[in-house]
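Residues per chain are reported as follows:
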Amino acid sequence: MRSRLLFFLLLFAIPARAVLPDAPLDDPAQEARAKALIAQMRCVVCEGEPLADSRTEVAADIRRAVREQVQAGAGDRQIKDYLVSRYGEAILLNPALRPATFPLWLGPLVIFLAAALAASFYFRQRRHP
Amino acid sequence: MHPNDIRRSPYLRLIPLGIFLMLALLMASGLFNSKPAPMVSPLVGKEMPNLNLPQAQNTARTFGLRAIRNEVAIVSLFASWCEPCVAEHTLLARLAQESGARIYGIAWRDRQEKVLAWLGKHGNPYHVVMLDELGLSTAALGVHGLPETYVIAPSGVIAHKHSGPLTEEDLQQTILPLVARMKNAK
Numbered sequence: 001m002r003s004r005l006l007f008f009l010l011l012f013a014i015p016a017r018a019v020l021p022d023a024p025l026d027d028p029a030q031e032a033r034a035k036a037l038i039a040q041m042r043c044v045v046c047e048g049e050p051l052a053d054s055r056t057e058v059a060a061d062i063r064r065a066v067r068e069q070v071q072a073g074a075g076d077r078q079i080k081d082y083l084v085s086r087y088g089e090a091i092l093l094n095p096a097l098r099p100a101t102f103p104l105w106l107g108p109l110v111i112f113l114a115a116a117l118a119a120s121f122y123f124r125q126r127r128h129p
Numbered sequence: 001m002h003p004n005d006i007r008r009s010p011y012l013r014l015i016p017l018g019i020f021l022m023l024a025l026l027m028a029s030g031l032f033n034s035k036p037a038p039m040v041s042p043l044v045g046k047e048m049p050n051l052n053l054p055q056a057q058n059t060a061r062t063f064g065l066r067a068i069r070n071e072v073a074i075v076s077l078f079a080s081w082c083e084p085c086v087a088e089h090t091l092l093a094r095l096a097q098e099s100g101a102r103i104y105g106i107a108w109r110d111r112q113e114k115v116l117a118w119l120g121k122h123g124n125p126y127h128v129v130m131l132d133e134l135g136l137s138t139a140a141l142g143v144h145g146l147p148e149t150y151v152i153a154p155s156g157v158i159a160h161k162h163s164g165p166l167t168e169e170d171l172q173q174t175i176l177p178l179v180a181r182m183k184n185a186k
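Those protein sequence lines, which keep their order, are chains C and G. First residue of the first sequence: 1, per this note's numbering; consecutive thereafter. First residue of the second sequence: 1, per this note's numbering; consecutive thereafter.
For the record, the hints were derived by calculation from the structure and aren't laboratory data. Note that this is a predicted model, so its numbers are computed, not measured. Each residue gets a CB set at the ideal place from its N, CA and C atoms; glycine is no exception. There could be a bad hint or two in this list.
[As the list claims (entries may be wrong)] If you want the ones that stay clear, here's a sample from chain G, every Cβ over 10 Å from chain C, calculated:
#1 Leu12
#2 Ala28
#3 Met39
#4 Glu113
#5 Leu178
[Said to hold, decoys possible] 27 Å max Cα-Cα, derived BS3-like pairs, lysine-lysine:
#6 G/Lys183 to G/Lys46
#7 G/Lys46 to C/Lys80
#8 G/Lys114 to C/Lys80
#9 C/Lys35 to C/Lys80
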């Protein structure tokens, strides 16, 4: 944990290196698709920042990779899977609904239903002493 | 038993309390978890991605990461501008010597002349040095920053990934034993 913290601190201590602005794709439809995909991702090396906003080199490289794959004809699902296989589900702002994330999505709902059920029993009991 | 008795059963009321207690215990155990387990990269267990890069010593020649096969190998991302990489560099030289594993270096977002000057100054423990000027390896290898170290199995599968500088402890506790295990399993 300490060495990881030190690593990140040292990374910020490295003299600032210019990150060139993204080069958009020539085809406007492809560029729009790439932007839409990028909008669904977070910067993996900055706390909570969206991928689109980050000025880090890693984020710039990931955005370029998305553009390259869009241009090469890869599908949205394919591109997301590519990045998730490298960075984990955490790269997606909305984690996919899969068996592994069912507890995350359905947990609150289940707890609410359990509470509602218990409450209904309580109130019924009140009416039929 | 009369059906109404079931609804009146005091045990039913305890169910929401039970759920709450279980959740509370689960979350409390997280509070006392003083040493969170280091995150394992999703790349562990997957084959080394296909990536061809020019070689730093002769950019007319390329090297493909998929060519790393039938040996236990280390892939190390570094750069001449990376301060923490200097300290790790001496460890890498020892790692190559003590483990017998070849180290393949990737100079990340760096320039040829700077890389060669840096290797001349600090020594070159790498079997091959690839030059990645544009950061093509970033998304391909799930790079978070520098340095990054990958241990590759003879099958080409990534057996371990370490983000950040390697320490003596990492070498002794994790990397060297892992390399030794994989070499013996061959």
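Taking the hints in turn, this is what the structure says about them:
1. Leu12: violated, 5 Å
2. Ala28: At about 17 Å from chain C, alanine 28 of chain G clears the 10 Å cut-off, so the statement holds.
3. Met39: violated, 8 Å
4. Glu113: The claim holds: glutamate 113 of chain G sits with its nearest Cβ about 16 Å from chain C, beyond 10 Å.
5. Leu178: holds, 18 Å
6. G/Lys183 to G/Lys46: Within the cut-off at roughly 19 Å; holds.
7. G/Lys46 to C/Lys80: The given pair, whose Cα atoms are some 17 Å apart, holds under the 27 Å limit.
8. G/Lys114 to C/Lys80: violated, 35 Å
9. C/Lys35 to C/Lys80: holds, 13 Å
When held up to the earlier numbered hints, the structure conflicts with 1, 3 and 8 and fits the remainder.
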